[in-house]
Amino acid sequence: MNVANTQIQMRKGLLEFCVLHIISRGEVYTSDLIEELTQAQMIVVEGTLYPLLNRLKSAELVTYRWVESESGPPRKYYLITEEGKKFLLTLSETWTSLVNSTTEIMAKN
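In numbering that gives the first Met the number 0, the protein residues as written are 0 to 108.
Worth double-checking, as some hints may not be accurate.
Once the Cα atoms are required to be at most 25 Å apart in a straight line, the calculated SDA-like pairs of lysine to any residue come out as [said to hold, decoys possible]:
#: 1; residue 1: K85; residue 2: T5
#: 2; residue 1: K11; residue 2: E67
#: 3; residue 1: K85; residue 2: S100
#: 4; residue 1: K56; residue 2: Q40
#: 5; residue 1: K56; residue 2: G46
#: 6; residue 1: K75; residue 2: Y49
#: 7; residue 1: K11; residue 2: P50
#: 8; residue 1: K75; residue 2: K107
#: 9; residue 1: K84; residue 2: T5
#: 10; residue 1: K11; residue 2: S70
#: 11; residue 1: K11; residue 2: E103
#: 12; residue 1: K75; residue 2: S100
#: 13; residue 1: K56; residue 2: H20
#: 14; residue 1: K11; residue 2: V98
#: 15; residue 1: K11; residue 2: E82
#: 16; residue 1: K107; residue 2: Q6
#: 17; residue 1: K107; residue 2: A39
#: 18; residue 1: K11; residue 2: E69
#: 19; residue 1: K56; residue 2: L36
#: 20; residue 1: K11; residue 2: R24
#: 21; residue 1: K75; residue 2: F86
#: 22; residue 1: K85; residue 2: M105
#: 23; residue 1: K56; residue 2: A39
#: 24; residue 1: K56; residue 2: W94
#: 25; residue 1: K56; residue 2: G12
#: 26; residue 1: K56; residue 2: K107
#: 27; residue 1: K84; residue 2: V27
#: 28; residue 1: K75; residue 2: A39
#: 29; residue 1: K56; residue 2: M105
#: 30; residue 1: K56; residue 2: L88
#: 31; residue 1: K85; residue 2: K107
#: 32; residue 1: K56; residue 2: S100
#: 33; residue 1: K85; residue 2: S70
#: 34; residue 1: K75; residue 2: T37
#: 35; residue 1: K84; residue 2: Y63
Since the hints were derived computationally from the structure, they do not count as laboratory data. Predicted model only: the values in this text are computed from it and were never measured.
Whole structure, please, built from the sequences with the hints as guidance.
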């Protein structure tokens, strides 16, 4: 068994939660999402973000708007929807429960 593969799978499992949380703070441009996720060591390959954003859009958890750019093509800025806020709240509750459960398990000798 390869520990690196397991670590990658753990990050992938949390990526949707982290992306929704970042977008919930206010509209965000894709490169800013990538930068924050990379700095937090939550994303290894940029190519994993675009399919995730498309899935979130299809599920109506996020939306986007185009903004004209003076230095190139228009930019797509993502925003969380009301449904996305409800979904994120549920994920946040699940995260808290998982952290508590994991902490309890790890505290036992």
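Evaluation of the provided hints:
1. K85 with T5: 29 Å, violated
2. K11 with E67: Since the Cα atoms of K11 and E67 sit roughly 32 Å apart, the hinted pair is violated (cutoff 25 Å).
3. K85 with S100: 23 Å, holds
4. K56 with Q40: 24 Å, holds
5. K56 with G46: With Cα atoms ~16 Å apart, K56 and G46 stay inside 25 Å; holds.
6. K75 with Y49: 12 Å, holds
7. K11 with P50: 12 Å, holds
8. K75 with K107: Given pair K75, K107 is violated - Cα atoms ~47 Å apart, limit 25 Å.
9. K84 with T5: 29 Å, violated
10. K11 with S70: 33 Å, violated
11. K11 with E103: 23 Å, holds
12. K75 with S100: At roughly 38 Å apart (the allowed maximum being 25 Å), S100 and K75 break the hint.
13. K56 with H20: 15 Å, holds
14. K11 with V98: 17 Å, holds
15. K11 with E82: 22 Å, holds
16. K107 with Q6: Holds, at roughly 23 Å.
17. K107 with A39: 29 Å, violated
18. K11 with E69: 34 Å, violated
19. K56 with L36: Status holds; Cα separation ~19 Å.
20. K11 with R24: 21 Å, holds
21. K75 with F86: 22 Å, holds
22. K85 with M105: 30 Å, violated
23. K56 with A39: 23 Å, holds
24. K56 with W94: Roughly 22 Å separates the two Cα atoms, so the pair holds.
25. K56 with G12: With Cα atoms ~18 Å apart, K56 and G12 stay inside 25 Å; holds.
26. K56 with K107: Violated, at about 42 Å.
27. K84 with V27: Within the cut-off at roughly 15 Å; holds.
28. K75 with A39: 22 Å, holds
29. K56 with M105: 37 Å, violated
30. K56 with L88: 17 Å, holds
31. K85 with K107: 34 Å, violated
32. K56 with S100: Violated: K56 and S100 sit about 31 Å apart, past 25 Å.
33. K85 with S70: 36 Å, violated
34. K75 with T37: Holds. K75 to T37 sits at ~19 Å (cutoff 25 Å).
35. K84 with Y63: 15 Å, holds
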